[in-house]
Every structure is written in structure tokens, then in C-alpha cells.
Amino acid sequence: MKILGIDDNIDINELLDTVLNGSGHNFIYVKNGIEGLRLIHEKKFDVVLLDLAMPEFSGFDVINSLLKDGLLTKQKIILFTASSVLDSEIEELIKKGVHSCIRKPVDIDLLLEKLEQSQQV
Amino acid sequence: MVLITSINSTRSYDQITTRIVTIVLSIIMIFLVESLYFGNQALAASSNANDDCPVFSIKYGCDLSSWLHLIIDGLMAAFLGVFFHQLAHKQGLKLKKIVEEHDTMKKRRREFTIQALKNHFTTLLFSMSLINKLESMYASDTKNRDNIKDQINRNYEIISRVINDIKNILLFLNDVLEPQIINDVNQLCQTIHQGYVKDEYKQLRLIDYTETKNKINSLCKTFDELHPAVVSIQQLISSPRTSSNLSSSNNRTLKQLNYQKIALYCRRLFKKGDSAN
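So the sequences go chain by chain: A and B.
Adding 3 to a residue's 1-based position in the first sequence gives its number in our numbering.
Adding 6 to a residue's 1-based position in the second sequence gives its number in our numbering.
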């Protein structure tokens with residue numbers, strides 16, 4: 004599975020890199036929303052793991068840009084966030100075209116399971 | 007930077023204007039009160055009350071200056087009342103604004119703290135899970151033991167650093183967290199740290215992953231119970247200043263700057279903490 008991680012937390016990115024690439028996936032990561040958005044425009048990913056709270060260009064900005072460009076429904080976006088997002092906010096984002104949300108902290112097995120599930124849907 | 011300077015200059019300009027207006031109003035106020043007082047005194051001195059004309063009598067040929075005094079005093083009292091009421095109201099609004107800003111800032115700091123802690127917990131879970139997997143490989147794969155051991159040690163280093171970061175968060179941002187959470191996080195750190203310290207003597211030691219995972223999960227439940235999300239995260243992330251009359255684009259940049267400012271502030275604190283350690 005080709006996975007893109009957009010997260011400003013370097014530790015999590017590196018660990019995901021070890022885990023997901025070690026599990027046979029093709030994982031790449033970027034540290035901010037602008038680069039992530041550029042990559043989404045350039046390449047096609049099976050799943051994008053998107054963090055919401057990022058300093059320069061937040062996950063919401065990425066979602067809004069994708070929505071504007073009509074790419075939100077074409078690209079499978081999974082929110083991967085530690086933010087205290089309200090359930091109503093998630094529902095609203097899912098209505099817009101976001102696939103699902105994984106709240107941090109999560110263990111590796113559960114994350115892999117959710118990724119597999121996202122492919123089956 | 008330019009934006010901050012321009013905002014600061016706008017703010018200081020507003021403050022100066024407000025001060026000048028207050029000073030001018032105060033001078034006018036003092037002048038009015040003084041002139042009314044002396045006028046009043048002059049009128050009182052010039053009046054000649056007698057038995058036929060008591061103080062508040064309205065008769066032909068009687069002096070009506072007492073009534074004038076009363077009206078002037080009433081007007082002065084009303085004027086002073088309105089003036090002080092306005093002053094108090096203005097100060098009240100200022101105080102309310104300060105309290106609201108402080109409250110918003112506190113909410114943002116709390117959100118930042120919880121986010122940082124949850125990110126660290128995720129790193130801990132990932133690292134510990136990796137150590138678990140690598141340790142089982144270490145037992146079976148005799149060829150790559152050195153390589154596996156290096157990876158395990160690297161993950162132990164990550165755990166150690168993350169625990170240090172969590173302790174710094176608890177030290178510098180404890181004012182926004184409930185004491186119970188601080189206590190629980192401290193206990194979690196102690197549990198993991200004990201396992202880590204023991205490992206130095208035993209080389210490879212399996213940290214109880216399931217126990218730690220359960221503790222982290224219950225901790226996150228406590229987070230949600232004690233600090234439930236009541237404010238839209240979208241607002242907290244991208245609109246920290248709710249009461250501002252800046253243009254929307256400036257406002258947005260300012261909000262982002264605020265978020266960065268908190269992050270930078272915390273990082274600086276952590277650095278200080280590290281150097282102190």
C-alpha cells in the first residue's frame with residue numbers, strides 16, 4: 004500500500020517509517036501541510052495519514068485545499084490526530100469526503116488493522 | 007515579524023490615543039466641576055434669604071437661587087454619575103476582555119499540552135511495540151543480533167528522551183492540567199523509567215507493553231473526562247483571537263503565529279529544563 008504521512012512530529016514519522024515500510028507498505032512522510040498538499044497533487048496514494056494540528060499549514064487547510072480542488076473524495080484521507088476533535092467535527096469532515104479518523108495514541112497493530120480496513124472498504 | 011511590529015505599533019497608537027482622550031476628558035471634567043462649583047458658590051453668596059422668603063419658596067419677589075443651586079447640584083451629580091459609570095463600564099469591559107483572552111490562551115495551552123502528551127504516548131507505544139517485536143526476533147535470529155540490539159537500544163533512547171520531554175511538559179505546563187492527570191502521567195513515567203533503568207543492567211528486558219498500553223488508554227480516558235473537548239479544534243488551531251478587529255487574513259496569520267509562539271515557548275522551556283538537568 005502506498006501511504007503518505009503528513010505530520011510535524013518527527014519521532015512519529017520515523018517510527019511509522021520503520022513500522023509501515025517494515026510491514027511491506029510503501030510509506031513516505033512530510034513534515035508540513037504545504038509539502039503534503041504538493042505530493043498529493045503530484046502522486047496518487049492509497050492512503051494519506053493526516054495530522055490536524057500543524058504550525059504553518061494545518062490539516063484543516065490541507066482538507067480545505069483538497070476540497071477546493073475536488074480531490075478530497077478522490078484521495079483517501081485518514082485523520083491521524085492527537086487533537087481533541089469533537090465528534091461533530093469529524094462527522095462534518097467525513098461528510099466533506101474525509102475517509103475516517105484515528106485518534107492518537109494508537110498502537111501499531113491497531114493502526115495496521117485500520118489501514119487494512121480502509122483498503123477493504 | 008513585520009506583521010507583529012505593525013500590530014504592536016497599531017496597538018501602541020490606540021493606547022496613546024485612548025490616554026490622550028482620557029486626559030483631555032479629565033481636564034474638561036475638572037474645569038466643568040470647578041466652574042460649576044464656583045458659580046454655585048457665587049450664586050449662593052449673592053442670595054439674600056429672609057423670613058418672608060424661606061429657602062425653597064416660589065413667591066413673587068423671592069430669590070429663586072436656592073432652586074438654581076439644587077438644579078445645578080443635581081445636574082453635577084448626574085453628570086458625575088454618568089461619567090463614573092462610563093469609566094467603570096469601560097474598565098469592566100477591558101477587564102472582561104483581558105479575562106477572555108487569558109481564558110482562550112489557557113484553553114490553547116491546555117490543548118497544546120494534551121496534544122503533545124498524546125503524541126509522546128503514541129511514540130512510546132510505537133517504540134515499545136517495536137522493542138517487543140525486535141526482542142522476539144533477537145531470540146530467534148542469531149545472525150543479526152548486533153543489528154537488532156542496536157535497533158533496540160535506539161528505541162530505548164527514544165523512550166528515554168520522550169519520558170524526559172513528558173516530565174518537562176509536566177514541569178512547565180502543569181498549571182493547565184488537573185492534578186490527577188499530572189499524578190497519573192508521573193506514575194506512568196516512573197513505571198517505564200524503572201523498566202528502562204533495569205535494562206541497563208540486564209541488557210535486554212521486555213517492558214510490560216500491555217500494562218503500559220492499558221495505563222496510557224486509561225489515562226487518555228481520564229484526559230477526555232477531565233478536559234473534554236468543548237471548543238472546536240479548528241477554532242483553536244486556526245483562530246486563537248476571537249475578539250479582534252483585524253482583517254481576516256491578518257487575523258489568520260496572527261493566529262498561526264500564536265500557535266507557533268506557544269510551541270516555541272514550550273520548546274525554549276524544555277531546553278532550559280534540559281540544561282538545568
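FYI, nobody ran anything at the bench for these hints, they're computed from the structure.
Where hints are given, some of them may not hold.
Unchecked claim - Computed list of lysine-lysine pairs in BS3-like fashion (alpha-carbon distance at most 27 Å, straight line):
1) B:K113 - A:K34
2) B:K113 - A:K117
3) B:K96 - B:K112
4) A:K79 - A:K5
5) B:K112 - B:K227
6) A:K117 - B:K102
Claimed, not checked - Computed list of chain B residues with no C-beta within reach of chain A, every gap over 10 Å:
7) Y19
8) T28
9) Q121
10) K124
11) L131
12) L136
13) V168
14) I169
15) T197
16) P234
The beta carbon of each residue, even a glycine, is placed where N, CA and C say it ideally should be.
Now the hints, each set against the structure:
Straight-line distance between C-alpha atoms of K113 of chain B and K34 of chain A comes to about 25 Å, which keeps the hinted pair within the 27 Å bound. For the hint pairing K113 of chain B with K117 of chain A, the CA-to-CA distance comes to about 31 Å; that exceeds 27 Å, so the pair is violated. Of the supplied pair hints, the one linking K96 of chain B and K112 of chain B holds, its CA atoms being roughly 24 Å apart against a limit of 27 Å. Distance check on the hinted pair: K79 of chain A and K5 of chain A sit about 11 Å apart at the alpha-carbon level, within 27 Å; holds.
Only pairs whose Cα atoms come within 27 Å are accepted, and K112 of chain B paired with K227 of chain B is accepted, the gap being roughly 21 Å. About 46 Å separates the Cα atoms of K117 of chain A and K102 of chain B, which puts this hinted pair outside 27 Å; it is violated. Taking the minimum C-beta to C-beta distance to chain A, about 29 Å, the non-interface status of Y19 of chain B holds against the 10 Å cut. Listed as outside the interface, T28 of chain B is consistent with that label: its C-beta sits roughly 39 Å from the nearest C-beta of chain A, beyond the 10 Å cut-off.
Separation of Q121 of chain B from chain A is inadequate, the least Cβ-Cβ distance of about 5 Å not exceeding the 10 Å criterion. Taking the minimum C-beta to C-beta distance to chain A, about 4 Å, the non-interface status of K124 of chain B is violated against the 10 Å cut. For L131 of chain B, the shortest C-beta to C-beta distance to chain A comes to about 5 Å, within the 10 Å cut-off, and the non-interface label is violated. The beta carbon of L136 of chain B sits about 7 Å from the closest Cβ of chain A, which is not more than 10 Å, so the claim that it is off the interface is violated.
At the 10 Å boundary, the C-beta of V168 of chain B falls inside the reach of chain A, the nearest C-beta of that chain being 7 Å off. Here I169 of chain B stays apart from chain A, with its beta-carbon at least about 12 Å from theirs, past the 10 Å limit. With 10 Å as the threshold on Cβ separation, the claim that T197 of chain B sits away from chain A holds: the shortest Cβ distance comes to roughly 16 Å. Not every CB of chain A is more than 10 Å from the CB of P234 of chain B (nearest about 8 Å), against its label as outside the interface.
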